[in-house]
Amino acid sequence: MESAPICVYLVISLQPSLILIGVAFLLVSSSNLAYPEKLSTYECGFDPFDDARNRFDIRFYLAAILFIIFDLEVTFLFAWAVSLDKIGLFGFWSMIVFLLILTIGFLFEWKKGALDWE
Amino acid sequence: MFEHDFLALFPEIFLINATIILLIYGVVFSTSKKYDYPPLVCNVSWLGLLSVLITILLLASSTPLTVANLFYNNLIIDHFTYFCQIFLLVSTASTIVMCLGYFKEESLNAFESIILILLSTCSMLFMISAYDLIAMYLAIELQSLCFYVIAASKRDSEFSTEAGLKYFILGAFSSGILLFGCSMIYGFTGVTNFEELAKIFTGYEITLFGAQSSGIFMGILFIAVGFLFKITAVPFHMWAPDVYEGSPTLVTAFFSIAPKISILANMVRVFIYSFYDPTWQQLFFFCSIASMILGALAAMAQNKVKRLLAYSSIGHVGYLFIGFSCGTIEGIQSLLIGVFIYVLMTINVFAIVLALRQNRFKYIADLGALAKTNPILAITLSITMFSYAGIPPLAGFCSKFYLFFAALGCGAYLLALIGVVTSVISCFYYIRFVKIMYFDTPKKWILYKPMDREKSLLLAITLFLISFFFLYPSPLFLVSHQMALSLCL
Chain A
1 MESAPICVYL VISLQPSLIL IGVAFLLVSS SNLAYPEKLS TYECGFDPFD DARNRFDIRF
61 YLAAILFIIF DLEVTFLFAW AVSLDKIGLF GFWSMIVFLL ILTIGFLFEW KKGALDWE
Chain B
1 MFEHDFLALF PEIFLINATI ILLIYGVVFS TSKKYDYPPL VCNVSWLGLL SVLITILLLA
61 SSTPLTVANL FYNNLIIDHF TYFCQIFLLV STASTIVMCL GYFKEESLNA FESIILILLS
121 TCSMLFMISA YDLIAMYLAI ELQSLCFYVI AASKRDSEFS TEAGLKYFIL GAFSSGILLF
181 GCSMIYGFTG VTNFEELAKI FTGYEITLFG AQSSGIFMGI LFIAVGFLFK ITAVPFHMWA
241 PDVYEGSPTL VTAFFSIAPK ISILANMVRV FIYSFYDPTW QQLFFFCSIA SMILGALAAM
301 AQNKVKRLLA YSSIGHVGYL FIGFSCGTIE GIQSLLIGVF IYVLMTINVF AIVLALRQNR
361 FKYIADLGAL AKTNPILAIT LSITMFSYAG IPPLAGFCSK FYLFFAALGC GAYLLALIGV
421 VTSVISCFYY IRFVKIMYFD TPKKWILYKP MDREKSLLLA ITLFLISFFF LYPSPLFLVS
481 HQMALSLCL
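For the protein sequence lines, the chains are A and B, in the order given. Counting in the working numbering, the first sequence runs from 1 upward without gaps. Counting in the working numbering, the second sequence runs from 1 upward without gaps.
Careful: at least some of the hints might be erroneous.
[What the hints assert, rightly or not] Which residues of chain A face chain B? A few of them, derived with a C-beta cut under 10 Å, are:
#, residue
1, GLY22
2, GLU73
3, ILE96
4, LYS112
5, LEU115
[To be verified] No more than 30 Å apart at the CA atoms, straight line, and that leaves these computed lysine-lysine pairs for DSSO-like:
#, chain 1, residue 1, chain 2, residue 2
6, B, LYS104, B, LYS199
7, B, LYS104, A, LYS112
8, B, LYS34, A, LYS111
9, B, LYS435, A, LYS112
Hint data in this document are derived by calculation from the structure and do not stem from the laboratory. Quick reminder that beta carbons are idealized off the backbone N, C-alpha and C, glycines included.
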């Protein structure tokens with residue numbers, strides 16, 4: 001019974017998503033009024049020049065992965081910085097070892113050129 | 001505070017440091033314009049082999065610390081882990097030896113493969129000595145992550161990418177199931193340490209319909225399913241043939257050899273030490289029978305070598321599970337002997353597959369008339385295939401005999417019967433290798449380049465051990481008995 005607020009929250013948070021999708025379905029053009037000319041892309045009256053889709057650049061994905069890794073490192077740094085007086089010298093050197101391993105990973109990606117073209 | 005603990009972990013610390021130094025060396029010099037971007041893969045693999053051998057030396061000579069509980073009972077070192085770790089490192093060293101020629105032929109200039117193999121070896125060392133559910137899960141995750149990457153390491157083949165993707169999805173899924181089981185165990189018992197769990201579950205009846213114990217039952221079931229996924233037992237084996245076939249051959253060899261040792265060691269510790277209960281016996285009985293039957297029947301229809309070896313390793317896991325599901329000391333002993341002999345035979349087979357690879361060894365029919373073009377290799381492969389089939393007096397027969405003996409000793413007559421029957425059925429496709437080599441004439445003669453010295457040494461050593469194991473099996477029997485005793489007591 002302690003998790004009843006979570007169930008209420010779930011139901012309430014499901015509603016906007018369902019409303020958004022449902023209203024989109026209601027307001028779309030019904031099949032009587034749609035013909036190929038109406039559904040094609042609009043490029044100022046001309047025929048479409050090219051496919052509107054681009055090739056996905058892998059650098060975006062790489063940037064996201066690097067962000068995740070160093071963001072988690074920063075998260076651990078926050079927790080460590082706050083409790084440094086209680087964990088003493090041993091805690092300090094443990095964090096230094098952790099940072100060292102992540103620095104080696106950083107050196108690897110630097111040398112490999114993952115930081116270059118963006 | 002932890003000085004003795006770090007001293008006991010000295011081999012692992014050395015291996016991690018060696019890996020990091022090799023990584024820095026590799027990346028700094030292979031991307032430097034001054035030295036004209038050298039491909040450093042051969043250097044790094046020889047140095048990696050050297051560091052694995054030094055780790056074996058450090059592990060074997062750590063005599064002051066034979067039994068220890070480390071890091072607040074997260075890790076344990078005893079005779080079981082000692083021999084398992086040495087065995088794991090020896091098999092990793094053999095795999096690296098096999099790959100030294102492979103990199104030159106395939107011109108796979110990514111030295112990171114060796115780094116990842118070394119890292120996963122280190123994590124498997126931790127996995128073997130894990131004594132806590134959290135430590136076990138962390139080690140399994142590190143090992144699996146390294147494996148996902150090297151399964152997809154051949155970048156110009158979409159076969160390899162498909163294998164890596166399949167392995168990643170199924171591996172992540174099975175790790176999730178494993179972790180869910182661990183969290184349920186923690187939720188219902190409040191401890192994650194194996195020793196504490198063993199104390200809780202002594203004499204405690206775990207059934208599905210009990211009031212408190214149904215949660216524990218589900219937790220242990222999920223952990224079992226997670227482990228069975230990773231060891232490619234039926235009915236969770238579906239990813240294995242595709243992944244084994246698509247990965248580069250070196251990586252397939254590493255997959256067949258090393259994780260089996262470490263995950264089986266971990267399973268033995270979890271299920272026989274902590275969760276000892278007759279309820280799990282039925283699950284492992286079923287998996288063992290299904291694996292043996294599937295391994296025997298599905299391999300008959302295969303034309304490609306690596307898929308056939310994948311199915312044969314699934315079948316072998318079924319045989320190993322016979323020993324595991326007995327739950328007696330003889331059962332564990334037969335499991336350990338079976339693992340040792342399985343690894344020997346697998347190293348032999350993959351060394352031959354890698355040696356013949358220079359001229360496209362993808363289909364079994366490529367082996368035609370090997371007896372005339374390379375008779376010694378044909379004899380080696382025939383002896384290994386006979387050993388897989390379980391024909392006396394080779395080592396495979398000894399291991400299967402001991403496994404069935406243990407099954408009969410604990411009363412699992414059905415297991416032994418199905419084991420014998422599937423052994424006979426699987427003889428068919430093993431001996432088909434021999435028939436193709438000796439009695440088939442292919443339309444086009446296939447000539448192979450001679451293999452390099454390291455693989456030939458490896459083949460000679462493993463062939464010698466397989467053929468003459470029956471003359472002097474007592475060291476292995478004594479060692480495995482000591483391992484089983486130190487686990488159970």
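Hint check:
no. : hint                : verdict
1   : GLY22               : violated, 32 Å
2   : GLU73               : violated, 17 Å
3   : ILE96               : violated, 14 Å
4   : LYS112              : holds, 6 Å
5   : LEU115              : violated, 12 Å
6   : B:LYS104 - B:LYS199 : violated, 53 Å
7   : B:LYS104 - A:LYS112 : holds, 22 Å
8   : B:LYS34 - A:LYS111  : holds, 14 Å
9   : B:LYS435 - A:LYS112 : violated, 50 Å
Hints 1, 2, 3, 5, 6, 9 from the list above are not met by this structure, while the remaining hints are.
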